[in-house]
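Respectively, the protein sequence lines represent chains A and B.
Sequential numbering from 1 applies to the first sequence in full-length UniProt numbering.
Sequential numbering from 1 applies to the second sequence in full-length UniProt numbering.
Please note that the accuracy of each hint is not assured.
All copies of an identical chain are treated as equivalent in the list; a pair is satisfied when it fits inside any one copy or across any two copies.
[Claimed, not checked] Straight-line distance between alpha carbons at most 30 Å, and here's what the computed BS3-like set of lysine-lysine pairs gives:
id: 1; residue 1: Lys-82; residue 2: Lys-6
id: 2; residue 1: Lys-6; residue 2: Lys-107
id: 3; residue 1: Lys-108; residue 2: Lys-82
id: 4; residue 1: Lys-20; residue 2: Lys-8
id: 5; residue 1: Lys-8; residue 2: Lys-216
id: 6; residue 1: Lys-216; residue 2: Lys-108
id: 7; residue 1: Lys-149; residue 2: Lys-118
In short, the hints are calculated from the structure, not lab data.
As the structure is a prediction and not an experimental result, all values here were calculated from the model.
Number of protein chains: 2
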Amino acid sequence: MSENNKQKAVLSVTEDIRAKILDGTYPEGMALSQVDIASTYQVSRTPVREALQILAGEELVEIRDTGRATVTTISPESFLEKCELRALIEMKLLELAIPLMGAEDIKKAREINESLKKCAPEEWMPLNYLFHEILYNPANRPLMQNVIKDLHHRHYARLKSFILSHRNTPRSLREHDELIDRCERQDIEGACYALESHIMMSAYALAEQLKSQQLKRRQTSSL
Amino acid sequence: MSENNKQKAVLSVTEDIRAKILDGTYPEGMALSQVDIASTYQVSRTPVREALQILAGEELVEIRDTGRATVTTISPESFLEKCELRALIEMKLLELAIPLMGAEDIKKAREINESLKKCAPEEWMPLNYLFHEILYNPANRPLMQNVIKDLHHRHYARLKSFILSHRNTPRSLREHDELIDRCERQDIEGACYALESHIMMSAYALAEQLKSQQLKRRQTSSL
DNA sequence: TAAAACCATAATGGATACATTTTTATGATA
DNA sequence: TATCATAAAAATGTATCCATTATGGTTTTA
């Protein structure tokens, strides 16, 4: 039997809007009109409204009490706090994982790290997530890993262009290498420290870029 | 002008179903039929469907790919991991908060702790959350506190009956007192340790109760 | 000129109708 | 009796319709 591509409208609409928000096609603050979306996807407003509720639950969309939906904005402060949370949880995962890591885990991490150095820009974000995921898998904490996955895919992903622009700095590459080495040496404290600075260093840089972009946008929009 | 009680159907339906799931009126695994809910609240299925999407985003409801919605079940494992996550974040919040606490914060915490000892059962959960909230407020981490609030209100609350049954054991009361004392003495490490064991002790006990209840339910349902 | 009032337009909230899918019940067959 | 096929019933998915509310612009008025 041939493949069944027929998907529920709610799902495909949700996925597509989500992707467009994440890649910036629908920028911060943009109004998401039910009728526009419905005509865009050639569906009725019913599935569109459900899609917007789903995306609101993911904090990608805000539904005001007037009913109007807009793309949420990312404040530099809340972004920094998300990174702090990310660091906190990832350190815990690493702490739990290191004693349970095998040689093949280390090897796999090194392989992915090598691919990271020469991959295409579009592949960088998922590969980078995979790198972290592999390090944390031995911890066996599915819920915590899900929280991390969400932070990566739903929030970090919105800063893609910034992230890609300084993904392969010498520092960034050195940090990954160092992290693996410390895991191999079972240096839990050192590895956690390396991870925390890896995350927070880029966090501060990204928050700065975010701030200046939002400032710039506010100035141009007031012309 | 008199009060405007007219609320959107989606909101009131969402709130009511959420409350019923949290207090056990709609137990684990219960099927939530759109038509039944619609007729219960005398509304059409349109707002009901949006409400179910919202609740699915809160992990209180699961929508299978057949479209059927059911109340999610709480596995003892995932509950334990949620507690672990809660402990991790609350320890961080406490660590950040202690150096910034004033005398009035300590005083307030003590007051609430006293109310906790003699409050009515319905008031215990919100008061207990308030106790923790006050300790973490000085940390100034709104996002982390929101995560904690969610864990308390959306997941912990479902174990209300269990929690209430051993809320005021001598150990539990002593733990709160000890926590406040250590905060007052600026003993960050000690306070965090006290907090972690406070959370995890009850976590293990609750997980056990959960396990035996689910076992019992499975046996009775197979009669 | 500025602000308030008003109206026309557009958008959302909810109800209903119909199409499609899933579930349940029934009955035939081995 | 068990199993499979099938048909009826029920539930969900989507479209469309109408009522209500919000929005934007215009006119009126102080």
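- Tell me, in ascending order, the numbers of any earlier hints that this structure violates. 1, 2, 5, 6
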